[in-house]
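Visitor: The listed protein sequences derive, respectively, from chains A and B. Letter 79 of the first sequence, counting from 1, is numbered 79 in this note's numbering, and no numbers are missing. Letter 266 of the second sequence, counting from 1, is numbered 266 in this note's numbering, and no numbers are missing.
Hints may be right or wrong, so weigh each one.
Because identical chains cannot be distinguished in the list, a pair is counted as satisfied if it fits within a single copy or across any two copies.
[Said to hold, decoys possible] Think about it this way: if two alpha-carbon atoms lie no more than 25 Å apart in a straight line, the pair counts; the simulated BS3-like pairs of lysine-lysine are:
| id | residue 1 | residue 2 |
| --- | --- | --- |
| 1 | Lys53 | Lys191 |
| 2 | Lys193 | Lys130 |
| 3 | Lys309 | Lys130 |
| 4 | Lys25 | Lys309 |
| 5 | Lys191 | Lys333 |
| 6 | Lys191 | Lys25 |
For the record, the hints were derived by calculation from the structure and aren't laboratory data.
Protein chains: 2
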Amino acid sequence: MIVGILGGGQLARMLALAGHPLGLKFIILDPEKEACAKGVAKHIHGSYDDPAKLELLAQQADVVTYEFENIPASALEFLANQVPVYPPRSALITAQDRLHEKALFSELGIATAHFAPVDNLADLKNAMQKILYPALIKTRRQGYDGKGQVVLRSATDLDAAWKTLQGVPCIVEALIPFDREISIIAVRNRKGKSKYYPVTENVHDAGILRSSKVLQQDPVQNLAIDYVQRLLHHLDYVGVIALELFQVGEQLLANEFAPRVHNSGHWTQNGSIIDQFENHLRAILDLPLGSTDSIGHAAMINLIGTVPKYEKILEQTHVNLHLYGKEERPGRKLGHINICTRDENTLANEIEALVKIAPR
Amino acid sequence: MIVGILGGGQLARMLALAGHPLGLKFIILDPEKEACAKGVAKHIHGSYDDPAKLELLAQQADVVTYEFENIPASALEFLANQVPVYPPRSALITAQDRLHEKALFSELGIATAHFAPVDNLADLKNAMQKILYPALIKTRRQGYDGKGQVVLRSATDLDAAWKTLQGVPCIVEALIPFDREISIIAVRNRKGKSKYYPVTENVHDAGILRSSKVLQQDPVQNLAIDYVQRLLHHLDYVGVIALELFQVGEQLLANEFAPRVHNSGHWTQNGSIIDQFENHLRAILDLPLGSTDSIGHAAMINLIGTVPKYEKILEQTHVNLHLYGKEERPGRKLGHINICTRDENTLANEIEALVKIAPR
């Protein structure tokens, strides 16, 4: 079986690394000449809206998936006429537009921050009559890793913020004074069976995920499952999905979802029986899902911008290093470290030692 | 860093799969057009004694290793003039010749079965005056997976056996009435540091390994470490080594060693903190060795000749499937299943269920 992937970054690379042991082969479509997944997959070098390249992918792949949201929905439509494509296009379209995403949360009874669409400065000023400061204005489309958003601290920020975002359709939402950020990774296969990993507590900095820690038997686990289940069911979803939530007291407020494998699920590579990458492949290939049970305690630290001294990391006992083979560049995700231990104390000690080597 | 591998079979494939997350790239030299490791490594298509191909490998690789014993030692010599090659040539040369291997065991005080060299029928008859029946006559070179050997049950078998082996240099040895077959996987890096995985109990059938089970805190662990340490030290070894031993009562008798990653160490992929493949790479790249500690209980079952129903295997909770992408053929190793659990009972139950799906 050959799996086609739109995008050839680190997520595609890790999907391929997880899939080879199942006897699968991979083919990526990516506009980058030196796509990160190239060493473990066949590479079609081209853009996501080139019909000839899409045709080539459709001809060779038995199933197609995607590794990020910013691909044209028309590409999925083109492919879906020739080959099964998962996750479904409706999930991609919803996730691509923050307004649709928030509206869906509301429709499905998934709690979320107050929000309003903003198409012009008047809309913004109007909306901010009802939403409390501080708030966030975000472009509806193309935002990731904290890009395309501005914080609004008072009414005097509105004009400048609107100018910064260059007049594209936006959404404004209340900035949540959260206790913590969590996410849940779920997977649903073509038969409609689903499984859930334990939630993780995530730390972001400048909009980029820095670290995730697995929460065992966390009190919010069931509520998180309830929310993500609503999405899975409504979207008739197939594959891995990640739902990011803010916890405020005992409440969870949905922030966004990603219709793909997710950075906050990377710990599963070493901390669970079957990881998110293999389970995504099993799901889209109509195979039985693997166990999402975790093995002991686990955390993940991202390596961003620079890779710290290799040897130092490898000297740590409970550490698994995952590099993406990408060149160093400020703010770029270059790899991550998984830390898995039998007991919580050892985990805390290893993290402490690592943070000195690889500052978050 | 680019790692060159002589041979592009499943061991090269699994080395590459373990090495990509360390940011390594791979290049294999293999005479098979559709070499098994091709999807995860660059492939130089050619024979091991073609100087032009070896030259190409040496130019591109930062370090070279090999995945099986039956490559000409001259190839290592050629390469070693241009690029570091590990494990050392002396280990390969010794392992390629059963007589040298047994002689080394004796020299190092590693207990082994009684043996004698056999260059002609008279030698054989002579040797069998001193060695008790049943015995085994084996070709000194080129034997693997039970090939190139004949059992001798009485003096009447000698003429026929010698004829079968076609007059090539042989070794005759006592057939050990062992209680069990075990092996130990060890790793030693360029700085001379070494680590040891727990021993496994192995089951062979028709000379081919069928399954391995990890023995936790086994009473023979220390003796096995003592023996393999002698080899590592004497050979100034770098990389992973496997030593196969027979247990008779409390005694261990060395059978053979393999200067490479080994089938009886495949369980480490899911049952240890750092597996044999990554540790082999760390060793030859002069990196700190990873922990060889096991995570819970583990076993491995080989898939030989045919791959049983895929879905059935994946339905088992504690199972990790590893297929090599090879075509089915009788007696061929096509993949393996690792089973890792927290407790021994679950392991026993899962193995029982699997044996029904994938008979050994």
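Visitor: Against this structure, judge whether each hint is valid.
Guide: Cross-check of the supplied hints:
{"no.": "1", "hint": "Lys53 x Lys191", "result": "neither (30 Å within a copy, 49 Å between copies)"}
{"no.": "2", "hint": "Lys193 x Lys130", "result": "neither (41 Å within a copy, 66 Å between copies)"}
{"no.": "3", "hint": "Lys309 x Lys130", "result": "neither (50 Å within a copy, 59 Å between copies)"}
{"no.": "4", "hint": "Lys25 x Lys309", "result": "between (33 Å within a copy, 19 Å between copies)"}
{"no.": "5", "hint": "Lys191 x Lys333", "result": "neither (34 Å within a copy, 32 Å between copies)"}
{"no.": "6", "hint": "Lys191 x Lys25", "result": "within (23 Å within a copy, 38 Å between copies)"}
Checked against the numbered hints given earlier, the structure breaks hints 1, 2, 3, 5 and satisfies all the rest.
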